[in-house]
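Given the coordinates of chain Z, work out where chains E and V should sit on it, guided by the hints.
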Amino acid sequence: MTSDFGFPTPSAALNDVAGFRAPEIPPSSHTVARATHRVLTLRTTTRLELVNLTERVQDAVKAAQVREGLVLVSSMHTTLALMVNEWQEALLEDIKTMLGDVIPAGREYRHNDPSQSDCDRKNAHAHLQATLLGHSLSFGVLGGRLALGQFQAIIAAELDGPRERQVTVQIFSYA
Amino acid sequence: MTSDFGFPTPSAALNDVAGFRAPEIPPSSHTVARATHRVLTLRTTTRLELVNLTERVQDAVKAAQVREGLVLVSSMHTTLALMVNEWQEALLEDIKTMLGDVIPAGREYRHNDPSQSDCDRKNAHAHLQATLLGHSLSFGVLGGRLALGQFQAIIAAELDGPRERQVTVQIFSYA
Amino acid sequence: MTSDFGFPTPSAALNDVAGFRAPEIPPSSHTVARATHRVLTLRTTTRLELVNLTERVQDAVKAAQVREGLVLVSSMHTTLALMVNEWQEALLEDIKTMLGDVIPAGREYRHNDPSQSDCDRKNAHAHLQATLLGHSLSFGVLGGRLALGQFQAIIAAELDGPRERQVTVQIFSYA
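If you're matching them up, the sequences are chains Z, E and V in order.
Remember, our numbering sits 7 above the position in the first sequence when you count from 1.
Remember, our numbering sits 7 above the position in the second sequence when you count from 1.
Remember, our numbering sits 7 above the position in the third sequence when you count from 1.
This is chain Z alone, in the form it adopts within the complex (with noise of 0.2 Å):
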């Protein structure tokens, strides 16, 4: 039984969408939050680059039998950021073409000017571009399910590829 979001939902909160679903472990239980990571490495081959971390995320939410929790997906990095829409190749063109349409790399920036700055990597649209995005990203757990609607997709932006990088999925377990 899942909802219209593609996520399975337990039937009390089927029953009562709009109110609250009775926590299923009482205050007096023993049982406790945890929390447990994982570190993914992606591999970068061009400038710029979308990666879907969909897949791999989930794939962590597994491993960790969590039944409700949080899932916090950080970048490592300064010019790799997150986002989260939908993977279709022709939007991911628009996406990287809007990055380059809002903050050009061919701009003058100090962070490029040697007299200014010890960078040589001359990738200040990268970072700026970073900064509109975000580094970090965060989702929930529902019945077992890492709590995506249907078209959404966990994205990492490689702003100034090519590198190898990290990104860590951290999770929150409350039952």
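Hints in this document: simulated from the structure, not taken from any laboratory.
Nothing here was measured: the structure is a model prediction, and the numbers come from that model.
Check each hint, because a few of them may be wrong.
Copies of one chain are not kept apart here, so a pair can be met inside one copy or by any two copies together.
[Claimed, not checked] In the EDC-like style, the derived pairs of lysine to aspartate or glutamate whose C-alpha atoms are separated by at most 20 Å in a straight line are:
hint	residue 1	residue 2
1	K129	E56
2	K103	D120
3	K69	D108
4	K129	E100
5	K69	D125
6	K129	E96
7	K103	E56
8	K129	D66
9	K129	E62
10	K69	E100
11	K129	E171
This is chains E and V only, laid out in the frame that chain Z set:
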């Protein structure tokens, strides 16, 4: 007794604003963290629409009887984004104008081109705007109340309506 | 022993980077998750200013004696945003320039028009810039340390100063 950003603060925190409030539950207690959730349904009526979710999220926190905790508010859609800002009519119009200025609906996008995409909604701009705003928001719960500043409202941005939308509110309680 | 993005990793995780670290606390333990918080006060001195919060957040994590956990850093204001990027003088200037390029202060905004708005600060651009950057940040705590990459700094963006501002740091501990 309230702090100047509008939520009640336990007296221990007031006495030592820069320091930590002593945890009220000793580590040996049997009280456990617990997770509950509520699914909010929105029915939007126009293409571009801002919806104030603040009260509905506050109600969910009250119903969960959380004293200290974390609230995760998540859009289950790729063209419904979430943001925090002031709920003022003039500003809401400015936000809508800004979205179209930064990412215009009228440009050519691959996602809108039938030869490259199976999507016939012509909503590429909505996907792109959503990537800049973000798909989820996290808030603290302090002293039993959602930790929002005086002028902060929780706003859903419908970028491709009208539609029926779902937003999950997941609440993690620690006391 | 540290991983290559700069935080210490328990040896079990190093032995199996792609896998889960076994939880150190068995489910039958009495240790509970707990939440603590600290309120940071910032006094900004100019209209547009970037403030490095990294050390203050790291100090809060140290004081909380958290081994594995989650940190939520939240702006309590609609014109103070938060972001993660590199703390380098040249880049900080680029970030400030970019904010004005993407959302110029000098445009006509309804929020700045006395006939439509009761706000006399002429700060519409600040609200709009804040919606793009975001109001909160989440980080993991791994092995007792804030899980930040080598070049990642936690940056508050004052978009409408000078003012006294408050940022809450809430820490959720699982071990």
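| Structure-inconsistent hints, enumerated in ascending order | 3, 5, 8, 9, 10
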